[in-house]
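Student: Single-letter residue listing:
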Amino acid sequence: MRFTRFERARIIGARALQISMGAPVLMDVGDDSIIDPIEIAIREYDMKVIPMTVKRED
Amino acid sequence: MATKNALEVFKSRGLDEKTSEKLIENGYTYTKVARANEKTLREIEKLIGEKKLKQILSVVRSKDRGPKKKKEKPLKAITLTKMELPVKVEKPTKFEDKLTKMLEGMNKKLPWSVMHEIAIRLDGANISDKMLKKILETTHERCQVHAVDPSESVGILAAQSIGEPGTQMTMRTFHYAGVAEMNVTLGLPRLIEIVDARRVPSTPIMEIHLEVSSEDDLEKVRAIASNIELTNLIDIADIETDINTMEVLVKLDKRKMERKNITPEEVLRKLNKAKGLKGLAEMRESMIVIKCDEPSYKKLQKISEDAKSSQIKGIDGINRAVIRKLGGRYVVYTEGSNLEKVLMIDHVDRSKTTTNSILEIYEVLGVEAARNSIINEASKTLEEQGLTVDIRHIMLVADLMTNDGDVKAIGRHGISGRKSSVLARAAFEITSTHLLRAAIIGEVDPLEGVVENIIVGQPVTVGTGAVNLVWAPPKKDGE
Numbered sequence: 001m002r003f004t005r006f007e008r009a010r011i012i013g014a015r016a017l018q019i020s021m022g023a024p025v026l027m028d029v030g031d032d033s034i035i036d037p038i039e040i041a042i043r044e045y046d047m048k049v050i051p052m053t054v055k056r057e058d
Numbered sequence: 001m002a003t004k005n006a007l008e009v010f011k012s013r014g015l016d017e018k019t020s021e022k023l024i025e026n027g028y029t030y031t032k033v034a035r036a037n038e039k040t041l042r043e044i045e046k047l048i049g050e051k052k053l054k055q056i057l058s059v060v061r062s063k064d065r066g067p068k069k070k071k072e073k074p075l076k077a078i079t080l081t082k083m084e085l086p087v088k089v090e091k092p093t094k095f096e097d098k099l100t101k102m103l104e105g106m107n108k109k110l111p112w113s114v115m116h117e118i119a120i121r122l123d124g125a126n127i128s129d130k131m132l133k134k135i136l137e138t139t140h141e142r143c144q145v146h147a148v149d150p151s152e153s154v155g156i157l158a159a160q161s162i163g164e165p166g167t168q169m170t171m172r173t174f175h176y177a178g179v180a181e182m183n184v185t186l187g188l189p190r191l192i193e194i195v196d197a198r199r200v201p202s203t204p205i206m207e208i209h210l211e212v213s214s215e216d217d218l219e220k221v222r223a224i225a226s227n228i229e230l231t232n233l234i235d236i237a238d239i240e241t242d243i244n245t246m247e248v249l250v251k252l253d254k255r256k257m258e259r260k261n262i263t264p265e266e267v268l269r270k271l272n273k274a275k276g277l278k279g280l281a282e283m284r285e286s287m288i289v290i291k292c293d294e295p296s297y298k299k300l301q302k303i304s305e306d307a308k309s310s311q312i313k314g315i316d317g318i319n320r321a322v323i324r325k326l327g328g329r330y331v332v333y334t335e336g337s338n339l340e341k342v343l344m345i346d347h348v349d350r351s352k353t354t355t356n357s358i359l360e361i362y363e364v365l366g367v368e369a370a371r372n373s374i375i376n377e378a379s380k381t382l383e384e385q386g387l388t389v390d391i392r393h394i395m396l397v398a399d400l401m402t403n404d405g406d407v408k409a410i411g412r413h414g415i416s417g418r419k420s421s422v423l424a425r426a427a428f429e430i431t432s433t434h435l436l437r438a439a440i441i442g443e444v445d446p447l448e449g450v451v452e453n454i455i456v457g458q459p460v461t462v463g464t465g466a467v468n469l470v471w472a473p474p475k476k477d478g479e
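Same order as they appear, the protein sequences are chains Y and A.
Letter by letter, the first sequence follows residues 1 to 58 of this note's numbering.
Letter by letter, the second sequence follows residues 1 to 479 of this note's numbering.
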């Protein structure tokens with residue numbers, strides 16, 4: 001499924017919140033060089049590992 | 001005489017004369033007897049005796065069942081003629097069908113108008129199917145890029161996209177451009193007029209195209225133009241009032257009449273039919289004389305006024321008609337507008353003739369036509385000012401205005417005033433009135449719109465706020 005830019009923003013936002021509150025990161029962050037939750041969420045989104053999707057009406 | 005008539009009624013119902021007279025002398029007419037209650041019946045009985053009363057009653061009651069029944073004619077079987085419904089959309093051509101099938105094969109969709117455009121441009125060209133497929137693919141791709149994302153707040157985009165150029169217009173407001181010696185409202189005032197859905201535009205103008213057979217025949221065009229232009233008596237004659245003879249003298253101006261193609265006989269005929277002058281006018285030498293039928297100066301004055309304003313020729317509301325050459329063809333432009341009447345004139349091209357009065361188009365041609373007219377007029381006024389606004393913004397406005405079957409204004413009296421949510425209405429204008437009214441009648445607001453949710457402090461249902469997230473467990477390998 002292709003996401004619209006709103007859906008992308010929402011998913012990344014929700015995931016970033018989870019990460020910021022201590023959720024386990026679902027990808028390899030390497031040597032802890034990235035610490036910004038939003039940055040991590042974006043990377044996760046690009047790797048398609050975020051366990052979230054969108055419910056569309058129709 | 002009333003009594004005599006009443007007598008006749010009784011007699012015609014088969015009562016003898018003596019009793020009838022008796023009844024009437026005591027003030028009983030047929031209807032009274034027919035509608036008499038117990039008490040009055042007893043009184044009548046005293047008067048004429050039981051036997052006669054029974055006779056009357058039998059007559060009355062039997063007739064009472066209503067007027068003579070008409071013999072019912074057997075209903076004629078209605079013969080229905082089958083009529084073809086007008087087709088608004090052309091049937092897809094073979095080529096278009098082919099394109100549709102191809103797209104279906106690719107599992108993609110294109111708007112109908114885009115398909116149509118492609119078909120028109122490519123039809124007849126020698127293109128291989130492979131090439132065609134590629135064209136469709138590219139078109140689809142480009143179309144997707146231009147498409148608006150779902151839950152995009154298009155309304156705000158449209159408002160800003162029209163509003164921002166609008167601010168530039170205010171500086172050049174109230175400009176009148178001369179189109180063939182005619183005044184046309186342009187710029188911001190015109191835009192406001194369109195959006196407000198005014199009943200009559202400040203400068204109503206029609207553009208009358210003629211059928212191919214007569215569009216380059218100047219004589220014919222002139223004749224049509226002069227038939228359209230409203231001509232009052234004062235325009236073609238001098239009108240004087242003679243107090244001595246109590247007459248109104250109409251001195252016809254031959255030159256003006258010739259130019260407008262009117263004969264004196266025609267004028268006389270029209271005058272004799274005109275309001276307030278019926279049958280008063282007559283020909284005397286080269287003049288038309290309207291005689292006053294009452295010896296009253298007031299009446300004479302009124303006749304003079306009526307004569308001046310009496311319509312000799314033309315269509316109501318159309319004050320002037322100007323002929324212009326447009327790309328080798330003659331087009332009639334009019335000051336004033338009356339679409340309904342103009343469309344009924346012979347030799348007028350009904351598919352091209354337009355007016356700038358949107359409400360008139362709505363009344364004559366319907367909402368869809370009105371919608372198109374709003375789009376055309378709005379983009380025309382913006383374009384004339386050198387402003388480019390994407391047509392989709394204007395289309396959205398036009399769609400909103402015509403959404404429920406008639407043309408509504410944007411604003412308090414139109415769309416914004418008719419929103420179902422109280423809070424949305426209160427947020428726009430006259431806040432306290434709306435809130436007070438809602439409180440009195442106990443309105444419920446389901447908080448479905450955007451404005452309501454902003455007021456309440458909730459995420460709105462556009463953009464990111466409209467996205468519903470769900471948990472999607474990670475897929476295991478091999479799934």
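A hint or two may mislead.
[Claimed, not checked] Calculated cross-link-like contacts (lysine to aspartate or glutamate; reagent style EDC-like; alpha-carbon spacing at most 20 angstroms): (1) A:313 - A:282; (2) A:18 - A:45; (3) Y:55 - A:149; (4) A:278 - A:305; (5) A:220 - A:349; (6) A:130 - A:97; (7) A:130 - A:104; (8) Y:55 - A:448; (9) Y:55 - A:152.
FYI, nobody ran anything at the bench for these hints, they're computed from the structure.
Student: If a hint holds in the structure, say so; if it doesn't, say that too.
Tutor: Against the structure, the hints:
1. A:313 - A:282: Distance ~19 angstroms between residue 313 (chain A) and residue 282 (chain A) Cα, so the pair holds.
2. A:18 - A:45: holds, 15 angstroms
3. Y:55 - A:149: holds, 16 angstroms
4. A:278 - A:305: holds, 14 angstroms
5. A:220 - A:349: The given pair, whose Cα atoms are some 14 angstroms apart, holds under the 20 angstroms limit.
6. A:130 - A:97: Given pair residue 130 (chain A), residue 97 (chain A) holds - Cα atoms ~17 angstroms apart, limit 20 angstroms.
7. A:130 - A:104: holds, 15 angstroms
8. Y:55 - A:448: Judged against 20 angstroms, a Cα distance of about 18 angstroms means the pair holds.
9. Y:55 - A:152: Distance ~17 angstroms between residue 55 (chain Y) and residue 152 (chain A) Cα, so the pair holds.
Consistency note: the structure conflicts with none of the earlier hints.
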